[in-house]
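Undergrad: Using the sequences provided together with the hints, build the complete structure.
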Amino acid sequence: MLQKIWAIAYVNIYQTFTDRNLLIIMLLTPLILASIISLAFGNLSGSAPIENIPVAIVNLDSAPAEGSQVVDSSGILVASFIPVGEDGETAADGTASMGTCEAVQVEDAGGQNMSLTDLTDAVLLTDAAAARAAVDRGDYAAAIIIPAGFNDGISYTQDKPTLAPLPVEVYGDSAQPISASIIRSVVEGFTNQFLTGQIAVAATIGTMTERAQTNPVFGMSFAAAAASGSFQPNFACAFTPGFNTIAIEQQTVTGEQADFNPLVLFGSAQAVFFALFTANGVAVTIIEERRQWTLQRMVISPTPRVVILGGKLVAVFAVVLLQLIFLFIGFTVIGSLLEGQIKSVWGTDALAIAALVVATSLATAGVGMITAAVGKTAEQANIIGSVVSMLMGILGGAFFSVQALGDLEWVTRLSVVRWGAEGFSALAGGGSDISLNLVFLALIGAVLFVVSLVVFNRRQDI
Amino acid sequence: MHNGHKHALVEVRGLKKTFKRKDGTVVEAVKGIDLDIYRGEVFSLLGPNGAGKSTTISMLSGLLTPTEGEATIGGHSITRQPLEAKKLLGVVPQEIALYPTLSARQNLEFFGRMYGLSGSELSKSVDEVLDFIDLRDRHKDRIDTFSGGMKRRVNIGVGLLHKPQLVYMDEPTVGVDPQSRRRILDTVIRLKEERKMTVLYTTHLMEESQELSNRVGIIDYGQIIALGTVGELIQKVGEEDRLIFSVGEQQISDAVLERFRTEVPGITKATYAASEFTPVAGMEESAELVVEKRSTGTMRVARSGQVLDGEITVHAKRGRKALPELLRVADEMGVDILSVEVREPDLEAVFLHLTGRALRE
Ligand SMILES: Nc1ncnc2c1ncn2[C@@H]1O[C@H](COP(=O)(O)OP(=O)(O)OP(=O)(O)O)[C@@H](O)[C@H]1O
Ligand SMILES: [Mg+2]
Chain W
626 MLQKIWAIAY VNIYQTFTDR NLLIIMLLTP LILASIISLA FGNLSGSAPI
676 ENIPVAIVNL DSAPAEGSQV VDSSGILVAS FIPVGEDGET AADGTASMGT
726 CEAVQVEDAG GQNMSLTDLT DAVLLTDAAA ARAAVDRGDY AAAIIIPAGF
776 NDGISYTQDK PTLAPLPVEV YGDSAQPISA SIIRSVVEGF TNQFLTGQIA
826 VAATIGTMTE RAQTNPVFGM SFAAAAASGS FQPNFACAFT PGFNTIAIEQ
876 QTVTGEQADF NPLVLFGSAQ AVFFALFTAN GVAVTIIEER RQWTLQRMVI
926 SPTPRVVILG GKLVAVFAVV LLQLIFLFIG FTVIGSLLEG QIKSVWGTDA
976 LAIAALVVAT SLATAGVGMI TAAVGKTAEQ ANIIGSVVSM LMGILGGAFF
1026 SVQALGDLEW VTRLSVVRWG AEGFSALAGG GSDISLNLVF LALIGAVLFV
1076 VSLVVFNRRQ DI
Chain P
170 MHNGHKHALV EVRGLKKTFK RKDGTVVEAV KGIDLDIYRG EVFSLLGPNG
220 AGKSTTISML SGLLTPTEGE ATIGGHSITR QPLEAKKLLG VVPQEIALYP
270 TLSARQNLEF FGRMYGLSGS ELSKSVDEVL DFIDLRDRHK DRIDTFSGGM
320 KRRVNIGVGL LHKPQLVYMD EPTVGVDPQS RRRILDTVIR LKEERKMTVL
370 YTTHLMEESQ ELSNRVGIID YGQIIALGTV GELIQKVGEE DRLIFSVGEQ
420 QISDAVLERF RTEVPGITKA TYAASEFTPV AGMEESAELV VEKRSTGTMR
470 VARSGQVLDG EITVHAKRGR KALPELLRVA DEMGVDILSV EVREPDLEAV
520 FLHLTGRALR E
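If you read the sequences in order, they're chains W and P.
If you're matching positions, the first sequence starts at 626 in this note's numbering and goes up one per residue.
If you're matching positions, the second sequence starts at 170 in this note's numbering and goes up one per residue.
These are calculated hints, taken from the structure and not from any lab test.
Note that the structure is a prediction, hence the values are computed from the model and not measured.
Virtual Cβ for every residue (Gly too), placed ideally from N, Cα, C.
Here are the computed distance ranges between Cβ atoms for each label pair:
#	chain 1	residue 1	chain 2	residue 2	range
1	W	Ile649	P	Leu477	56 to 66 Å
2	P	Glu253	W	Leu647	31 to 41 Å
3	W	Ile1008	P	Leu477	50 to 60 Å
4	P	Lys191	W	Ser1060	45 to 55 Å
Covered, in the sense of this in silico footprint (three residues per stretch, anywhere, with C-beta under 8 Å from a C-beta of chain P), are these stretches of chain W:
#	region
5	635–647
6	926–938
No farther apart than 25 Å at their CA atoms in a straight line, the calculated lysine-lysine pairs in the PhoX-like style are these:
#	chain 1	residue 1	chain 2	residue 2
7	P	Lys256	P	Lys293
8	P	Lys191	W	Lys1001
9	P	Lys490	P	Lys438
10	P	Lys320	P	Lys332
11	W	Lys1001	P	Lys189
12	P	Lys293	P	Lys365
TA: Encoded structure:
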């Protein structure tokens, strides 16, 4: 019985993988398509840098009083995005202190330095609500809102020896998740620098004060300088991240810290999307073989119907599994070529990757079987399969980032493409908790298998 | 085996199949068939297109569930013990039931596995079948590169892989050239004589039935209208010869036929039939005279409505003996006989006798 199941599966696998046209559609098209979409997305491993991300900055904080030891961090943050002279009038407060500092350098994923002003196109706004609304409209990829009291919160002075940083809000456009996440990373980099800078300042001021107490000459000059406020700008440069270039830490749309690689996101979604087509195609051969009379020939042989259907089921699963394995290896090769080094774009948790590939194959095979089972004719089954595959592909993020759906995001949960692609993205980002994805995919696969077996078995014409 | 015949391998009782079409109409494809097929015989089901031959074969091979009735193979009910019954059975469907992109060998191997063959037993069987159908040298070629006749042979080979005692062959010569057809008929004879197999053979060609079968069942509109050996069936029509006189364009009066019937001894029936020339549609006015292209390759000019090929058919107990007398009467009546054909009684005549129609439309 198992031998017969395998014989049927083998014949189907063999026919699929000896059909050159089918192979092109199954294997080559998704590789090419995902690569093109990734490149179009503009950031395929640094080959096409993201530029001029529109950003709104709202500084609700006020510059510290003259002579205070508080550093104008909010001013520095604003000035980093909008240097003096570029938008002179609006970038009023605190920017003067940037005069002697170098433009902030950031390192993009490709390792090339580019200035923050190249990366972003920032505008200073005064109303936080208006800024958020503008982001919602899509005018800006993100709004950076610096809260009132930000400077005080992260400043260390003799009067206030503790740090109580207030969070800078980065309000991102969900339709531009990658741009928004880049801005978020930049701001995070800044605030971290401010904090570490302040800790250093705290240490320095502490030492200087100590020194001033022990060395009266130094003490006098220090006091004079402090009174004039003239050392502040120099310190400001020290806090500016430009001194230590920060890498843009990109984030995946799932929000986990990761090297964002569109190839991972679109590659996995496209792979699952095409696997759906393949699964449907192989499953539909059950109906096609009836026309070809090879199905009848099997029914005439002493082979129970359930064995025949079982063989087909194994075939659908195996073909999809082989296809996905090929595609994931293919994307690894493409990713490595673009990076110039051999690198697993899918992360390093081989066991989890394998488990996810298997679970995704089960789910796609299940979808393929059920779409074939409900079609009356082969043509009908193909059309149903194509429509379902397209819907799942669109909802699953094979063509655009699904976060763009905003409140409707739950709809994407109906797509096995989403569940698969999300899992692969998580693994690629170094995450490992994909158990929900695994369970869902395996379960949906199992349920659809059983249902389609029942449906097929009930059909009089099989 | 309640009918007492101990050699019946296949027993069919009251087998019926009714199809319901989507538009609600009901097709009674098989209206209740009873028959026994004995061990070692070639039994043919002879009937015109749509008679219900394939439907019967499908029910007897477990592909279609009978609406009513029952069939057993080697004592196993095809509906209640299908796996046991199917093991005894090889089927050659009317359609070429093969994977076109697989080679002949791959097809044979795959279907061999469906009959539980594997390993060396399988490859030995496949080799034997390839020899039997004479395709050993092409075994690695894909089926879709084969000629129609070669595909038919592979189609037959698949049915023989597991060396069944019984094989059904549903119109295995449909759509093949005369040479391939001869080959297939010889194959059937070899199956019966060399392998002592039981064969259920369906055809709409009476020559095939007549040559191959021990017994024939004539099927029409889903019913067996006659069953027996070829000899038994021919006796049914009274063993009359048919004499066919070609008279060309001559008009034959009833008087001629009347004289044939009354003056020549042993004549039971004399009829005249003629085909009239009808011009191709749309050419009626433009050409009163139309060029007719004849099947012999000759051309001739005919007038619309003109009689072309007239034929007098005479049924006689002993046709050859009556021939001189018939020719004499014709001569007296001024009828010019162009050619004469004497047809001895055959299954065609039996069918004609039973249904009033010719087997081949
Ligand atoms: N699945 C079906 N649904 C409806 N009608 C059917 C179906 N199968 C067969 N029939 C009808 O049943 C009748 C018998 O068909 P069948 O195929 O058994 O004839 P056959 O004797 O094999 O003819 P042929 O020589 O053309 O193969 C035909 O009228 C056919 O149209
Ligand atoms: Mg038929």
